[in-house]
Amino acid sequence: MPRRSDLSSVLVIGSGPIVIGQACEFDYSGTQACRVLKDEGLRVILVNSNPATIMTDPEFADATYVEPITPEMIEKIIAKERPDALLPTLGGQTALNAAVALHEAGVLDKYNVELIGANIDAIQAGEDRETFKDVVERIGGESARSRICHSLQECLDAAEELAYPVVVRPSFTMGGSGSGFAHNEADLRRIAGQGLALSPTHEVLLEESILGWKEYELELMRDGNDNVVVVCSIENFDPMGVHTGDSVTVAPAMTLTDREYQRMRDIGIAVIREVGVDTGGCNIQFAVHPENGRVIVIEMNPRVSRSSALASKATGFPIAKIAAKLAVGYTLDEIPNDITAETPASFEPTLDYVVVKVPRFAFEKFPGADPGLTTTMKSVGEAMAIGRSFSEALQKAMRSLEKRGVGFTWAGGPGDKDELLRSVATPTEYRLRQVQQALRAGATVAELHAATRIDPWFLDQLLLMEETAREIAAAPKLGAELLRSAKRLGFSDTQIGEIVGKSAEVVRELRYALGIHPVYLTVDTCAAEFAAQTPYLYSSYDEETEVPEGARPKVIILGSGPNRIGQGVEFDYSCVHACFALSEAGYETVMVNCNPETVSTDYDTSDRLYFEPLTLEDVLEVVRAEQLTGEVVGVVVQLGGQTPLGLARELKAAGVPIVGTSPESIDLAEDRGEFGRVLADAGLPAPKHGTAHSFDGARKVADEIGYPVMVRPSYVLGGRGMEIVYNETMLRDYIARNAEVSPEYPVLIDRFLDDAIEIDVDALYDGHELYLGGIMEHIEEAGIHSGDSACALPAVTLGNEDFERIRYSTEGIARGCGVRGLLNVQYALASGVLYVLEANPRASRTVPFVSKASAVPLAKAAARVMLGSSIADLRREGLLPAEGDGGTLPMDAPISVKEAVLPFNRFIDRQGEGVDTVLGPEMRSTGEVMGLDADFGAAYAKSQQAAFGSLPTSGAVFVSVANRDKRTMVFPVKRLADLGFEILATEGTAWVLRRNGVPARVVRKQSEGPGPDGEPTIVQLIHDGEVDLIVNTPFGSAGQSGPRLDGYEIRTAAVVRSVPSVTTVQGLAAAVQGIEALVRGDIGVRSLQEHAEALRGGEG
Amino acid sequence: MQVPAILVLEDGRVFHGRSFGARGETFGEIVFNTGMTGYQETLTDPSYHRQIVAMTAPHIGNTGVNDDDPESGRIWVAGYVVREPARIPSNWRAQRTLEEELVRQGVVGVAMPGTRALTRHLRDRGAMRAAISTEETDPERLRERVLASPRMSGADLADEVTTEEPYTLHPPEGVPTRFRVAAIDLGIKAMTPQRLAERGCEVTVLPAGTGAEEILATEPDGVFFSNGPGDPAAMDGPVAVMREILDTGTPLFGICFGNQILGRALELGTYKLRFGHRGVNQPVRDVHTGRVHITSQNHGFAVDAPTDGPFDTPYGRAEVSHIGLNDDVVEGLRLLDRPAFSVQYHPEAAAGPHDAAELFDAFCDLMSIQHAQPAKS
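So the sequence lines, in the order shown, correspond to chains W and P.
For my numbering, count along the first sequence from 1 and bump the result up by 25.
For my numbering, count along the second sequence from 1 and bump the result up by 41.
Keep in mind that a hint or two might mislead.
Simulated coverage check for chain P against chain W, where a stretch passes if three residues somewhere in it have a Cβ under 8 Å from a Cβ of chain W [claimed, not checked]:
1. 116-128
2. 132-139
3. 160-166
4. 323-329
5. 391-405
Simulated from the structure, these hints should not be mistaken for lab results.
For every residue, glycine included, the Cβ atom is placed at its ideal position computed from N, Cα and C.
Throw the hints in and build the complete structure from the sequences for me.
Here you go:
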């Protein structure tokens, strides 16, 4: 069946901000879908609140709405655009839930919008556990024994019947949110309680434990002609009990016979038919009993998922792209396989390699959070690697994580075997390394299997690595044959160096002298049965390289590796833009990255894709392979964040041409002394600062600078360990908690500018001209990490004089540092002085936001500048506006507000309590949203709606602020009272409010306990759902009792109950403006295309 | 202790590896199989007789060997090429390791890194003769012997793989016997008669050389022609037998080699594919329903027939019923005026997906229609 001719426009829903469990894989799938639909001649209307996505680039849709993904806003878009159809299966659970809500609200019927790619019944059958169990039963499959519960009492009764431990799974939540193992009644009360609250249908499923069983996944696709193919099988290295998103996973399945695999395939196909997924992709999870093969169907997702993105990258079969084609009427056999060009998509990819995915965690950002891995997903990113054997792929994947302490190592001693065997029984992010160390310490496969339930075959592959390491250690000399066999098992030069007691450089030189290099093989979907047309390559120490001859000058772009807090999709965005811009400019673009979730690792993005770890060794080999087949003009390192930047100097030292800002200039900006001189030369002020090696030293520096001060360890970047200290007691406490402070690891102390406005600037510099991309004004005061702070563009409280000073300062820094390309500068404006906080001569996290808000493709322009174009050239070409820049936006330009999204609801401590939600100098957000509207209030309200759900327009506001904030709080709180909110406050705050004429009801602090007549504490009130907004600014030091603890309990209760919570007074002022806009009720929708038109109109 | 082994192709390409399985020397036509599961079924598939099979999936042997999954009484491949043989098996049904089994059955193999390079070579140059040796270290001398070894074209191998004595499979407990099927064993896989038996067929498996008269003497409701090794052009005997069966109007079903024999019986030509179809992911479209099945295939030869509609044959009109979507190869034939059809792929699917299992039902349907209206002649 060809494409349906009755469709002419389609609304696509994206997945919103990056959160744990729903990351940029949906940008990858959404981008593919938009591309396909546009190619098919359909008018594409897109809604996604996340500006840091490629899919929301204006060229990927005809009308792009960066608006909150709420039924109300989508209805406004539907009313305005009147699409024929809605495609909800490519935007994760968010899009699916939105589609169901629109259907239930009658919006789809009202506007005659057809749901394509999914139907409501199939969504319900896949998502509703009870319905799904019936489906499994009908097709002759088995589910785990279970009970559906709607109350805590039902849960307790069911658990008695099923026997502990039981699994708790809330219905309709994503990424396993709210699920967990209950080993006893106390566990159950806690997990089921939260699960009932989290589930939109207040429903949880209690299930028999299948802990330790083997876990598998199948990715299936079905077309309108009932053809079904299994795209990929995935086996979890970590057995049941660890969420698949947190597990090491392997494709294809490694330990199934054909009979067992085919049985799983039969069940999968029967399920997809019975559920009634009309067209598109679907993911089904299975558990298999390791001793008798009993197969249990765990769940299905009737949509494109994280696993399907992984499966697409693992096989070369683009699931989302095909799903979009199927949704508009094609059948699988009508769609060509991109990679072979001559065979159809109606086939099942076969792999002649092994793919391993490993998760990356961020527990260090959430001190106190339980580091144990459970059925709730906690990882923030992942790396994938491909090799011709499991060990090669696993080793590459582990080094792709770029995280100290989690990879395999042969340095130092392994530790005590028995202790390691005890540790591995609890899955944590360190387990795999502990398993490897246990093997080093002499543990057997049988012992490790008993402790972990990891399949013996996987353990034996690790043992093979260990045996090879021993062979290397015992060899009198590292000969070619031994070195080659170690490289075939994925050993890095660094690891081999550890074993033989030499540096990685020495091993590399030896390897080069012996002529041992990897070759590059193609991911071709067919195990080489047909020739591949798409150069999607991976390295292996195999026999025959498949790198094609280059035709044009090449530029290699280094990506940003696995997503982590502080380095996420925003950097991938810039890399993708560089690929697009440089391809258009006539270069052959070569992408290197190892993150399977991204658009950059879509083989359609660059001319050539290398799915490789971003380590010096791996990148040098890619450069070598490319140099052997043509001219490499340069390597781009400044767009992918810290990962490629960290390689810049060594790459340059190895003779690799780096384009754009030189590695020396990058280092200069990081070096306090050197950078201080640049500032001094340009006459720019910076806050006073100093360095200390002990508490006494720190006290002296702090006294000199004056409190408050910002303190941080010198050895980490990205705000790790950074805190604001208000007095000597807090300083002593900080030094005590950071025991590593020593001459080797000094602590850096900066003057903290209280009450300063923080300003973020992204700019472009070509050596002569500065192009100000955008000036962002932070809503939270300086001291909150810029990544966690909301900000507005154009700046809302700055004047022309400020803009000019910012331009002058930025240009001075750009010139002084020798920037060629992008530059991000953070300023603090305090008492009329513009202080330079820091400068980063590279793409920043805010580049996509600035590009969307100003309708200028900043990263594309940056890539061109790095390759030698001038800003004047780009203005002539039309890539940049002919005149003006982001510093000269018209006064009436619409306001864009960026808001950060934080993952606090994912983390609980060992006692099962939530972790603190206070914002600070350490970044903890996983993603961002953008609100765009004519004025600040409306734009801010949209950003809050998109990030957290709506701000309240009535009800009760609880206020409890630190003394220093009491003065500033009065006015906004009074405004809330005027708007009709009831004000609740703790005693001190209440008195201040009353004295200022604001009626406030006093409520009891948690530390005071319930009153004599049973008056509830504020925490109880929050849990009872009687508070609609919380304003709580932190005071006292972390980890102590008293006021700080009170605040902590309030904020964690807010997270559990999903009550909007404001932790700064500036945030409160913004919230009040947002609430006012909502009360006015005049919030509309406006597409980016209309926005760009308006901005262009404003210029002329 | 690792023993070196070499693989030498008739065009002079040499691969180095280490011995896997039995030591010694072996010759055969080298082909690649792209299945990621089912090595045990592949090894024991008689259609691989005289072929050296290279697996494109790198890890082989992970689930060991059990006594349930073989498709015949022995390993048939002439030699085995893998990349990463498992050191330990891991599966609840495993009884021993693959290497032990290869040694036990005297199958010479090689474990070598270059399996992908080999596949690319065969894809471009076609299947060819080859040898694996752990004894000869000089590739050139080994190549001379490869060049002296027999070719697959023109090979009649059915007699080497067929059963010596007829045997009968009964429907399993609880399944009533509905039909009697005579299955001609040209290299039959165990799953085929089992799939028929599950559907109520009492299957008598007959040796390849059985004449039409003997076949009909078993009073079959239907006759089945199996898969098997060798060149269909050399199969004059079975072609003649099939023609006699077609003359009687007895329902007839052929798989793989059986499809090629039907093609020849209909006076269609057969030809050798460059590198054949060997794997479990081959898409095939049913020309009438438009449905696509993912099929298990193992064939180096194919039938040459018009794919643009029905054509005339000595047995009335016929049509190409199934087409391979990767390369438009004829994957099925059907007579329109007589109860006979065949497919080039393996609906019994061991190894492989079960998508085409309904073809056994179609055969049963033909037999039940024939029951209702006895044959004309």
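Against the structure, the hints come out as follows:
no.: 1; hint: 116-128; in the structure: holds (count 4)
no.: 2; hint: 132-139; in the structure: holds (count 3)
no.: 3; hint: 160-166; in the structure: holds (count 3)
no.: 4; hint: 323-329; in the structure: holds (count 3)
no.: 5; hint: 391-405; in the structure: holds (count 5)
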